[in-house]
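Visitor: If you want the building blocks of each chain, they are given just below.
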Amino acid sequence: MDLDHQEEVLKDGVWAALERRNISRRDFLRFCSVMTGALALPSRYTTQIVKALEQTKRPALVWLEFQDCAGNSESALRAGHPSFADIVLDLLSWNYHEIVMAPSGKAAEKSLHDTIASERGNYIAVIEGSIPLAENGVYCTIGGRSAIDIAQEVCTNAYATIAVGTCASFGGIPAAAGGVTGAVGVSQAIPGLRLINLSACPMNGANLAATLVHYLTFKELPATDNLGRPLFAHGDRIHDDCPRRAHYDAGQFVQEWGDEGHRQGWCLYKMGCKGPATDYNCPRIQWNDGTNWPIGVGHGCVGCAQPGFWDTMTPFYRALPNVGGFGVEATAEEIGLGVIGAVAALTTVHAVGSVIRNQRAKKREGDLSRTRAEPPQAPNLAATNEATWTSPTGAEEE
Amino acid sequence: MTRLAIDPITRIEGHLRIEVEVQGGQVTDAWSSGTMFRGIEMILRNRDPRDAWVFAQRICGVCTTVHALASVRSVENALGITIPDNARLIRNLIAGSQLVQDHVIHFYHLHALDWVDITLALKADPGATSTLAQSISTWPKSSRTYFKGVQDRLQAFVNTGQLGLFANGYWGHPAYKLPPEANLLGVAHYLEALDWQRDFIRIHAVLGGKNPHPQSYLVGGMATALNLDNEATVNADRLSLLTQLFQRGQDFVAQVYLPDVLAIASFYKDWAGHGAGLGNYMAYGDYASDVQNVPDTFFFPGGLILGKDLSHIQPIDQQQVAEYVTHSWYTYNEGDGVGLHPWKGETQPNYTGPQPPYEFLNTGGKYSWLKSPRYDGHAVEVGPLARMLLAYAQGKPYVKQLVDSVLAQLKVDATALFSTLGRVAARAIEAQVMINQLPTWLSQLEENIGRGDLTIHDTAHWDPSTWPGEGFGFGFHEAPRGSLAHWVHVKNGQIANYQAVVPSTWNAGPRDAQGKPGAYEAALIGTPVVNPEQPVEILRTVHSFDPCLACAVHVMDPKGREYANIRIL
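Heads up: the protein sequence lines correspond to chains P and R, in order. For this note's numbering, add 47 to where a residue sits in the first sequence, where the first one is 1. For this note's numbering, add 196 to where a residue sits in the second sequence, where the first one is 1.
Honestly, the hints are just simulated from the structure, not real lab data. Keep in mind that the hints are not guaranteed to be accurate.
[Unchecked claim] Below, a list of computed lysine to any residue pairs in the SDA-like style, where the Cα atoms sit at most 20 Å apart: (1) LYS592(R) with ALA610(R); (2) LYS344(R) with ASP137(P); (3) LYS687(R) with PRO362(P); (4) LYS373(R) with GLU729(R); (5) LYS104(P) with VAL354(R); (6) LYS504(R) with GLY475(R); (7) LYS153(P) with GLU555(R); (8) LYS157(P) with LEU359(R); (9) LYS337(R) with ALA132(P); (10) LYS592(R) with ALA484(R); (11) LYS592(R) with PRO635(R); (12) LYS373(R) with ASP321(R).
[Unchecked claim] Interface residues of chain P toward chain R, partial, derived using beta-carbon atoms under 10 Å: (13) GLU112; (14) ILE189; (15) VAL227; (16) GLY345.
[Stated by the list, open to error] Some residues of chain P that are not near chain R, with every Cβ distance over 12 Å (derived): (17) THR94; (18) ARG167; (19) GLY168; (20) ASN204; (21) TYR206; (22) ASP288; (23) ASN369.
Here a beta-carbon is modelled for each residue, glycine too, at the ideal position from N, C-alpha and C.
Just chain R, with the same shape it has in the complex (with noise of 0.2 Å):
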């Protein structure tokens, strides 16, 4: 028996470290460990509500706005705000775009190097590589000519001896199955997608002021001033640029980023049989019809699936989510054994692990700065694929007829879904789904203002002399890597209590009180490891979360005791 442990474990965001037993050429036990902290809710204590979600956002620069949404969000609930309908669509079109560029990136940037060798591109036929893309794909950048340059290019960039962040790669692992062209035709996309996404993300600079962080957020709405006549605010040659960018991301979609992940998949359909993990899935569902954000209009639906049954689906209530700490670096007043809503959350940090500089975490106890989430008792899975599983199980026809294509593209049934594979199938059709349905986004909003209505703010509710002396706020958005959630308190104008439970905790979080694994560990088990050295088997099934880990936080009191928290994203 092998202990192996992977960190840092790369091409995610934030400090994740993986500790695995592996036995016969295959993980039989495996640990996630969240190995940093800065306290951003200890530090938003007693603040100005209204700034609260400037300092969310810095929770994760990588799925930036998504905490900004969640914070405000959270605030209007707690004041009892309703926001106008074009910060709603304003809303939408940011988070949209930001899932849409967030999935392109994670698959070509973070994610293609465990499936792609970029040292046999340079073995490949650029002639092949072409028929190759031609026959997937309407994407003009597809001739001999242009593949042979990017040939070049990478020829030139290996002969200069200096690989920089390709150097030390698992290169030549008989784990790479791609064909030479298929590899070749990965990295002219690796390349092309790190323009893309430069570009694509104007998108937040036209409705935002700036990627990362936009900074157009207000409690009870946006202030994107909108006068289609004024060069200052969105006025119609903006509404064009987005148009226009809303189509270029359809195009790079639809014609690069989804046949590359159909053809890729491909040659790695054994990937459809590792990495299925805890088999249940949650989503609380996002992007309604209108601002009164009901669940039934909901784009994405909610809902929980327990042990891979889609012919069950049940309805999310937030007052079902209970965190743990029986393995996290805090401890509890009521003892390490209870979970605790996070309106009752309490952290008070308690660090046991070793003293850096350490080999190994002592896993038997705590051995992460993450806790542990369980939803009505339940180990979850959040993200793309769970959100997939609840719009396919639920009949939306615009996921489903995808789902469908790409599985019969696949020739495998949808049990398939549940794996390594099916998330990353799972992410390339979400950002289908969603660029297919920004424009429409954009025509309601450009319909607002062709009526006449720029309201983009409840500024009767601005001041705080018109709030309530006190309120419990939830504000939830289901961002690219899954569900999540922050839970204010609000009291005399002031931030009494603030908390975040984030896709990534629920994903990377480690065991529970009793002993059941967080979803990286139960996905990793099985997974074959042929070369302890070279694990990138492991990084495949790590990878297909998307893991974001980037702070572990948790509030204190006047006293020095600790409570409410935040975690990894």
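Just chain P, same shape as in the assembly (with noise of 0.2 Å):
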């Protein structure tokens, strides 16, 4: 969305409404289109956003951490537009985050239950890590509670959980093979929540960021993918929306760490790049506040935003076998596609993106074999993403 139009939307009393909340115009310019662009919305939407802004009372979340590392936590403080602080502070009551929180031991538990108790059916439940399910949960305990007991009791009483990073949603790391603590995503820990997975290792905080902008402005979480991803980011193959992809087609690989065409910025596949077995928003969105990204510095992609690829992507270093059928007419086809779904209603963008999903998925489901990791269970149909997943059901039977 252009700039000038932005200003046409916001001008009657948006502008009064942003200085009280101490936002000025160049920043929540950039916020907008930041997000109208990261969740592909159209610019009408941003008088919506900034009503949800205006909120006299901000939603309640809540933020639990169980076999994790802490880098989907410091992937959220990383997130520029908006940042930590203006979620923290103006955008949610953001109440308990063991690793930013002031209160600790019974206070900070205190925080959580007046939440639980208060905020019923209401707040939004963050989890970061896995769930270790063996020996009764003896592997992660909190205040003396196994990480499953309070995992249960938090996101049963949730209006909806946010699982970030690949442990969190699929088991991550400590369900690779060799770990013996029992560990799950939450989906497989507790099933039937209404849940949305943001994996990839860690997750990208500017796409936290846009799911909470989402669920603020429309009351609900975006919609998702077979895996229950959000569309709005893994709904396309990162080797497709790679900038390097013409290199590819082209023939043009790095043989060699720092060879010339690695210093040309060649393509990875041959050093072992997961890109065409990954589907993220890596290229477009980048890290960082859209420094770069992994293979933008000369590294191929792991796969991290894949289930299990911890497993399926290694040896990380092997080139992908059989990758291959993504001609230009393939890939024709899909952008004409995606040109109907932005100027649909955003359903249909959903259930459009769902069915370049489905088609790229069986496409793939013959050269790829090896390498794509099935969910640990049958994914989570969210009751407000139930209406998106018929599209694509109905889509595979044509």
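Make the complex out of the two chains shown on their own, each in a separate frame, by following the hints.
Guide: Structure below.
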């Protein structure tokens, strides 16, 4: 969305509202650009976003950490538009998050219990890290309670649960071959939740910000793919959005680290890049305020947004077998569908996205079956997403 | 006598539980427990050693990157690989910027609320805050209007009645000593630091593709492509961005972080008398001047200090590291009283703690997923204080000058460093020392590039067919929280065994076979506790170590016997 148009949209009284929130024009325009870009929202949703910011009572959020490395918490701290400070102070009532909250021990537990009691059914639960189910949960306890015990109480009383990172989404590294703690993702530990999986290791803080703004604006979670991941972030293959794709198509490959091709930014496929098997918006939104991304620095993708990538994508430096069948024609067809999506209503965008996703999944089943992991269980169909889910099912029958 | 359990300890990485006994308003005994483990080293076994750093990096996402560095160094050590100079410099830039950013975040977002009462900031006179700010620093954001704006934002936040992360804090506790204007200054810089850390760490995006978990390491070098003339690589534009980011880092550390620490410390000088603990300090040392990694050339020198004696520094030998499980939820085949070097380590989980939910641990027996590492039998403290003491005692001018200047400004002598406050000050000093140095390494990288040296990797040893059939490796790094080391055994091109002993294992570990406490446990003895319901004093000392408890892991052999381990950072 161009900035002039945003100015237009924001004329009537909106700036005053923003000023009350101490948000500058410039910051807000940037914010809108990032959000509408990340969520693929038409510009007319800008006013709706502003209204969401104007709520007198901020919706509550609690963030729990289990078998984690806090990398997703850190990634949230790196979110730029809105920033962590904006989210924590102005957009939500961020009531529990061990890594940054003031109180410890019993006083901290009080913050959690107060939220569950007063906001039952209305708060957002964010879960970081996998949940160990072996040995009665002794591999992760907080305040003397097991992770699964706490998660049961917190998630089942929440409006919705956001699993951040591949560990909370699918079990992640503690669930990789060799692990013994019985680690699983939230959807497997507590089936039936209204849940979205912001996978990747860590998830990109910009995607969390976009998910939260979507929730604040539309009072529901964004539409998801068949792994419960938001389509706005996981609707496209990295390989298809990669700035180095032209080199792949032209057969220009890096052969050795630091060789001439590497210094010319050629394709990393032969160095083991997992971009052809990974669905993520890494190349589009990039990292750290859009500064760069792993392929951009010269290292291949490791497939961190995919379930089971620690086992299915390793060895990381071995080239994926049998990547192909994605010639110019298929790409053109998909571009066509994408354009239709951009002008359609939101649910249609999601539906079309799902169609694309499913078509791609079907195509890839043949050439990438070894590297594609199955989800740990049937996807969690959040009530708010059910409408979206009917479309791809229909499309599959076509 | 009151028994207290503080769990979760918040504003740290990971899952830490502290139990204490309080008598007469003081801590008389303390136990530190890590309550989570994942098993990353078990998971690493039988994998390609070139992949290990990607896994190991996930040990911690706060001090992200440090395990990746220790990992590639351990594998390179095992395989006899020497990295190119450009790779050394890029690694230094990534690790050094991590240290600076981590220290700033620790002070403002993990530690400051132990010293700053944000509710008092509402009572501050913004004009007085402006005067205070301008008296301690030239930082431009210091006008009355600016502080009034921060105060208004805070007031609006409080008026909503939804205090979020700040609800149930220990506000109004008599241990808070800052005048209102210093509290408002603290709140303003808490918010500024949130924005600063996000900007500064773009250094990792430039050199590593992203943060957290940068993705440009390779066994044998770095994947950070160098080419001044290509948009897809580290080019002239990117190098100039790094220069700007280092400058903004220098500005923030020199004009905000260090002056704030000095200003706040001046109101809490009594904390130079609390939290000394073991009095033994250790560092492996790090940041050699060339790729041979010779200890004599370390920018951060290593060594061992025993009993606070700065006149006798002993050199470090990694063979002297041993680990005990007497009070850890593991068992050894030779009995739980022995200590084992990590290369011979064995870990069989043996959870003997209470079944959850529980109220207290049985601290007479095993009570933590952390082991107890010891150096030549000594319990030691690692971290910025240990490093600054070692550099100070060995006369490194770039450290000595700063330490002396800080001591002079606070009007205390060097013995004040052995304390809770000493750890806070040492961390700020170290951030300043490192941000001063980073541009030098960047210049060296630019000089290499200018000479046409674009080598980033030892490609001759990339293929496993070039490796020895078997090798043992030791990879170390002075991470923000202290001495980190990974030990790896590579056999037939695969990882046969992998272990790490990490900074918070040294500091947060439980008692050993002789009953000697770990660094946290020792430092907490004598800590005042005015109100057991609001143990802010305990948090001050625990947070002064910057705890980072991410995992307690073990490797299992085919018979189900478990050995090798990695724990807590």
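Visitor: Which numbered conditions among the earlier hints are violated in the structure presented, ordered from lowest to highest?
Guide: none
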